[in-house]
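Using the sequences and the hints, build the whole thing.
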Amino acid sequence: MSLDQLYQQIILDHSKQRHGSGLAETAAPAGAATGQSHQLNPVCGDEVTLRLAVSDGTVQQISWDGAGCSISMASASVLSELGEGMSVEELHSVIDNFREVLRSRGKVQADPEILGDAAAFEGVARYAARVKCAMISWVAAEDALNQATA
Amino acid sequence: MTAVSTPASLQQSVYAMDNAEVLRIRNDFPVLDQLVNGKPLIYLDSGATSQNPLSVIEAEQEFYEQRNAAVHRGAHHLAVEATEVFEDARQTVADFVGAQYEETVWTSNATEGLNLISYALSNAALWAAQGRGSSALNALAIGPGDEIVVTEMEHHANLIPWQELAFRTGATLKYIPITDDGSLRLDAAADIVGERTKLLAFTHASNVLGTINPVAELVALARRVGALVVLDACQSVPHMAVNVKELDVDFAVFSGHKMLAPTGVGVLYGKQELLDVLPPFLTGGSMITTVTMERAEYLPAPQRFEAGTQRISQAVALATAVNYLAETGIDRIHAWEATLGQRLVKGLESIDGIRVVGPAAGSERIGLAAFDVAGVHAHDVGQFLDDRGIAVRVGHHCAQPLHRRLGLTATTRASTYLYNTTDDVDAFLDAVSGVRAYFQA
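Heads up: the sequence lines are chains A and B, in that order. This note's numbering applies: residue 1359 is where the first sequence begins, and numbers increase by one. This note's numbering applies: residue 724 is where the second sequence begins, and numbers increase by one.
Treat the hints with caution; some may be incorrect.
Simulated crosslink set (SDA-like; lysine to any residue; CA at most 25 Å straight-line) [unchecked claim]:
(1) A:1374 x B:1127
(2) A:1490 x A:1472
(3) B:762 x A:1360
(4) B:1069 x B:1146
Using C-beta positions, here's what the derived DEER-type ranges look like [claimed, not checked]:
(5) A:1458 x B:818: 53 to 59 Å
(6) A:1447 x B:895: 49 to 55 Å
(7) A:1445 x B:1163: 33 to 39 Å
(8) B:1160 x A:1450: 39 to 45 Å
(9) B:890 x A:1454: 38 to 44 Å
(10) B:1014 x A:1508: 53 to 59 Å
(11) B:800 x A:1458: 55 to 61 Å
(12) A:1380 x B:750: 50 to 56 Å
Covered stretches of chain B, going by a simulated chain A footprint (3 or more residues, C-beta under 8 Å) [unchecked claim]:
(13) 1099-1110
(14) 1114-1122
If you are wondering where the hints come from, they were derived from the structure by calculation, not from laboratory data. Beta carbons: idealized from backbone N, C-alpha and C, even for Gly.
Here's what the structure looks like:
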């Protein structure tokens, strides 16, 4: 397992060009149900506040503010890009799949068909100390999704 | 020891540590002899926890193989032997910091020691209010209107116990600010430590900034108003000569695991007249004189603060670690680490995009340096270094308010000890110089 497999170019790119970043700049679509979740990793101080807008059973928008390492920021960006346009059920199932891969210590391979760009985080699963970095925005999304559809 | 006096400069040249000696020292530390990610381990995280020499590991094993028994109870052979080595260890550690045997209390770590003081003091207010115990408790009791003073550079362990003590007693917590280069503002301290101040708690050496605080000046401020002084000596006792009597602090704490000993053992020093009157923190077996159905009377210190079966093998191992440090020479270790600390800061300052926190190169600091890398999060810096076999600490180092004061959320910290060479520092600097390019920052 080399460092380059952890820090794939797609992750470095997303950590700099952050899709969905900026809660204040992106108003939630009118009429959509929203949920918002703040997650903090007290170990390293990584922080994500994520808002998710749902209407007609579809995720319309995923916006977030955050501060943290490249893994956590890239993961939020990829999630935002990937999740928008999915049905509520689809996003739940993608989150479950992402969690399964990340917690597998490298035993479960990421399927790009399901995870798209998020498959690039497969390498994180082998770095136990970094799994939370990759998961933080996904935990926020799950919480926000539950709120928006409650 | 020779009776002939040697000029300080010559002493330095004759006795100073060098890389050759450090490499011999390193042979005593089994864990350091390994490859990490295919590269020789370079351990620069002793500020978090230090490694154990074989003699310390064997001391703990020997205790279990030959002497294991509960101390201070039972009349059998093993119990007597265990008690003897346990109390001998206390004397060894007391001597190392200039304390009396009775003033040296075993704790789990420095954090427990600070909480012990915090709870003993709020218990003092409860006892004083009900006329229990010594009349000296009246002066120690903290209440509404009183002030507790800490500094902006404290580790959470020397901050939260005082926040909670203020909460329990209604006292107010105040902070001595720091300058941008990480020194305490003594001008402000002179105003903040005032008539209402009951307690002044500060770190001897900062675990993030590397600053060594002027203990004498701060103690003088406290004495002026009759406030108690608590010294967090976690980053000083392992690395430099500390004499609690000369420093004239009322309490001092440190952890064994930061000074070549195992986890689970630490020390609280307290002046005897204080320890003997303060109410206990934890109560139970081994710390009492008479127990009735209604209440109990307590032993004097140190047993007063050592409820329950103690961390015996760890205490014995800590004494072995102290002997290792003393035999190497704590002043020589301090001088060597000061060299490493300066090399770290000077090297880091010369790398583009690096901001070192704390005193600049050339100013006094302990052998560590924390820094920010422009455009790269500390977690990523740490991962990059780990890939090269270099172990450092990343994050807020249990000092969130300090990082907020510095305008940062996280830093990377390299901290040295007696087993680090200048080559370790150079390899670290070489790796750090490649971080920003790797992350395209």
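The hints, checked one at a time:
no.	hint	result
1	A:1374 x B:1127	23 Å, holds
2	A:1490 x A:1472	21 Å, holds
3	B:762 x A:1360	13 Å, holds
4	B:1069 x B:1146	15 Å, holds
5	A:1458 x B:818: 53 to 59 Å	57 Å, holds
6	A:1447 x B:895: 49 to 55 Å	54 Å, holds
7	A:1445 x B:1163: 33 to 39 Å	36 Å, holds
8	B:1160 x A:1450: 39 to 45 Å	40 Å, holds
9	B:890 x A:1454: 38 to 44 Å	42 Å, holds
10	B:1014 x A:1508: 53 to 59 Å	55 Å, holds
11	B:800 x A:1458: 55 to 61 Å	57 Å, holds
12	A:1380 x B:750: 50 to 56 Å	55 Å, holds
13	1099-1110	holds (count 8)
14	1114-1122	holds (count 3)
The structure shown violates none of the earlier numbered hints.
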